[in-house]
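Student: What follows is the residue order along each chain.
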Amino acid sequence: MSGFLRIAGRDLQLAYRARGEALLAVAFFLLVAALFPLALGPEPRLLTRIAPGILWVAALFAVLLSLDRIFLADREDGSLDLLYLAPLPLEAVVLAKILAHWLSSGLPLVVCGPLIALLYDLPAAAYPVLLAALLLGTPALSAVGAVGAALTLGARRGGILLPLLVLPLYIPVLIFGVAAIDASLLGLSPRPQLLLLAAFALASLPLATVAGAAALRQALE
Amino acid sequence: MHRFANPGRFLRMTDRLLPACGVLTALCLGIGFYLALFVSPPDYQQGETVRIMYVHVPAAWMALFVYATIALAAASLLIWRHPLAAIVARVSAPLGAGFTALALATGSLWGKPMWGTWWVWDARLTSVLILLFLYLGLIALQNAFENPERGQKAAALLALVGAVNLPIIKFSVDWWNTLHQPASVTRLGVPAIHSSMLWPLLIMAAGFTLYFLTLLMLRVKSEILAARIRALKQAATARD
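Chains as they are written, first to last, in my numbering: chain A, 1 to 221; chain B, 1001 to 1240.
Calculated directly from the structure, the hints in this document are not laboratory data.
Mixed in with the good hints, there may be bad ones.
[Claimed, not checked] If you anchor each label on the Cβ, the simulated ranges turn out as follows:
1) Leu1129(B) to Glu43(A): 26 to 34 Å
2) Leu1109(B) to Pro44(A): 35 to 43 Å
3) Leu1232(B) to Ser2(A): 50 to 58 Å
4) Leu12(A) to Leu1213(B): 47 to 55 Å
5) Ile160(A) to Asp1043(B): 40 to 48 Å
6) Phe61(A) to Trp1119(B): 22 to 30 Å
7) Ile160(A) to Pro1167(B): 24 to 32 Å
[To be verified] Residues from chain A shown here face chain B by an in silico Cβ test under 8 Å; the list is partial:
8) Arg157
9) Leu161
10) Leu169
11) Ile171
12) Ile175
13) Phe176
14) Ala215
15) Gln218
Glycine included, C-beta positions come from ideal geometry on N, C-alpha and C.
Work the whole structure out from these sequences, hints included.
Tutor: Below you can see the structure in the form of structure tokens.
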């Protein structure tokens, strides 16, 4: 357990020292959301209607930006080989990396989500649902993304490959995340969608840990 | 299945099976196309366009069948390190992508006269489109590494992740569709299919499956031979 926490802590410390990167991802998130009114016109009713979708698509893209960082830097400076040889199971290493990635890239998006809701003039009732949906959905994005990052480690053109692999697998999060906020906008209970999001996150975390560790073993063989 | 882990034995088997499979494929597709295009009646609602179905439906079946084949091959590569499974998974991916693209294209051709549009965001169409992207991701990952073996194993893992995720994606897309599109496309009633249409369809489906198996064996064989040539060349240069 202490090894697990130390790896997560180390990654967080690295992310904190390079906080420019995390801020850039957040800036990107807000910028993507700001582009849609420019593309579609400032009509408030239309914007409120499409806000949940834009919020989630922007979140998906923003998460993608930082995915390759999960393993790439460690591989380049050789510390990934040491983690591979460490007594800690590789699955625990992957889980620690997922946790650190979520805390450094997912959580800032959750915090900034309400800002986008504000820009798009969502009603107050949607805010708690939006926060809950982002809180439940973004860990799954980190988990599935870590598998993609491990699979593309050392690939040519890994930067373009990673979104192609990961985005189709993100579709359930996108659909249920948007549906939860939509339900609250329509005055319905968002409970089923939130439960499905939670189920997806809970299923993807252990599976992604196993798959990510298997992918890392291949990459380091 | 482990018996075929020996490439030599596999080659001897394919040499015997390939001609038979090729002839059967030609027979099935020939008879199927003849029945589908000339013998089977036009539909009472869809008219002659129903004949697109005889290509479209088998192609869509094959799109899923090939993905299942890849997932099985991927599992046996990762579990038993079955050497031929790696080749099967690699050569199947472009074939599956081809069948998926064919299903989408023929569906589009059918949709224009029947629905009045090339594309609608219907649950099935969307799922098949996502399947095509999964195939493209597989192919891209297979070819993304200097070391081809690493590409095969990475793609095998991705195929398994995709196989787990595919039903979830399908479920979520169905959910999304019922939420956003309450029957904007009036589904034609699906009466029990008449045997005059069912037989050509089944023969075409058998033909498509045989076609896939023939191509699969042919491509696995050529991959094994190419690997042998590579090994011989290396041995020759090493001797010099």
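Student: Going through the numbered hints above, which ones does this structure break? Give me the numbers in ascending order.
Tutor: Hints that this structure does not satisfy do not exist here, as all of them hold.
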